[in-house]
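S.K.: Chains as they are written, first to last, in my numbering: chain A, 1 to 111; chain B, 1 to 112.
If you are wondering where the hints come from, they were derived from the structure by calculation, not from laboratory data.
No experiment lies behind these values; they were computed from the predicted model shown.
Any given hint could be a false lead.
[What the hints assert, rightly or not] Between beta-carbon pairs, the in silico distance windows are: (1) VAL15(B) to LYS2(A): 46 to 54 Å; (2) GLU22(B) to GLY16(A): 22 to 30 Å; (3) ALA40(B) to PRO81(A): 20 to 28 Å; (4) GLN80(A) to GLY16(B): 43 to 51 Å; (5) THR95(B) to ARG60(A): 41 to 49 Å.
[As the list claims (entries may be wrong)] Over the 10 Å line for every Cβ pair with chain B, so calculated as not near, a few chain A residues: (6) GLU45; (7) LYS56; (8) LYS67; (9) SER68; (10) HIS92.
[Unchecked claim] Derived list of chain A stretches under chain B, where covered just means 3 residues or more per stretch with a C-beta under 8 Å from a C-beta of chain B: (11) 7 to 17; (12) 72 to 86.
Using N, Cα and C, we set each Cβ at its ideal position, and we do this for glycine too.
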Amino acid sequence: QKEVEQDPGPLSVPEGAIVSLNCTYSNSAFQYFMWYRQYSRKGPELLMYTYSSGNKEDGRFTAQVDKSSKYISLFIRDSQPSDSATYLCAMHVGSWGKLQFGAGTQVVVTP
Amino acid sequence: SQTIHQWPATLVQPVGSPLSLECTVEGTSNPNLYWYRQAAGRGLQLLFYSVGIGQISSEVPQNLSASRPQDRQFILSSKKLLLSDSGFYLCAWSTSGANEQYFGPGTRLTVT
Numbered sequence: 001q002k003e004v005e006q007d008p009g010p011l012s013v014p015e016g017a018i019v020s021l022n023c024t025y026s027n028s029a030f031q032y033f034m035w036y037r038q039y040s041r042k043g044p045e046l047l048m049y050t051y052s053s054g055n056k057e058d059g060r061f062t063a064q065v066d067k068s069s070k071y072i073s074l075f076i077r078d079s080q081p082s083d084s085a086t087y088l089c090a091m092h093v094g095s096w097g098k099l100q101f102g103a104g105t106q107v108v109v110t111p
Numbered sequence: 001s002q003t004i005h006q007w008p009a010t011l012v013q014p015v016g017s018p019l020s021l022e023c024t025v026e027g028t029s030n031p032n033l034y035w036y037r038q039a040a041g042r043g044l045q046l047l048f049y050s051v052g053i054g055q056i057s058s059e060v061p062q063n064l065s066a067s068r069p070q071d072r073q074f075i076l077s078s079k080k081l082l083l084s085d086s087g088f089y090l091c092a093w094s095t096s097g098a099n100e101q102y103f104g105p106g107t108r109l110t111v112t
């Protein structure tokens, strides 16, 4: 079993809809959670960074962490065609060590 | 602000040839540096990380090696490429002690 599971998609939504992405994980020691956006043939770009459980909002993006369920989510409101990309979740135990990445979910927002 | 550069952007190399990919970071001092490989449709695999000049840790034993000759320079090398070395190579940096990593634009390597 992988430490971080993420549905690869593709997830296709019409412009203006809410995009809902999620990851599950098995290691209860993870404390720091990140979401990256990766456009085709580009490097990943850090979108959101959260610590512990709860919600964090940044513009159209909301990240949620539910540590009791080992489940994190990213919501994109009012989706735009420019949001079409692969979204990667990543997590960290908080001490020196590597980030654990999900495989990424491909999102397609159709005009 | 900080900037990370990688070159070349794309590379096509025959099997058995050497490899040298370079990564440089601007606007920060003593960063942690990382090399990742991303195979098509798969997640990121950490290859090497470095917390300082000359300090390299390997995550995956293979025919690749890394070096950090200067504080903000990270090099990925191979003496003889294999077909399985094809992929998208990403360099990343983080502030010492921080968890967020910031990625470069990547190098797409095709071994023929």
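S.K.: Now tell me if each hint is right for this structure.
M.R.: Status of each hint after checking the structure:
1. VAL15(B) to LYS2(A): 46 to 54 Å: Once the Cβ atoms are compared, 30 Å apart, the range 46 to 54 Å for LYS2(A) and VAL15(B) is violated.
2. GLU22(B) to GLY16(A): 22 to 30 Å: violated (43 Å)
3. ALA40(B) to PRO81(A): 20 to 28 Å: This hint holds: roughly 23 Å between Cβ atoms.
4. GLN80(A) to GLY16(B): 43 to 51 Å: holds (46 Å)
5. THR95(B) to ARG60(A): 41 to 49 Å: violated (27 Å)
6. GLU45: violated (7 Å)
7. LYS56: Answer for LYS56(A): holds, closest chain B Cβ roughly 13 Å.
8. LYS67: At roughly 16 Å from the nearest Cβ of chain B, LYS67(A) sits farther out than 10 Å, so the non-interface label holds.
9. SER68: holds (21 Å)
10. HIS92: The claim is violated: HIS92(A) sits with its nearest Cβ about 5 Å from chain B, within 10 Å.
11. 7 to 17: violated (count 1)
12. 72 to 86: violated (count 0)
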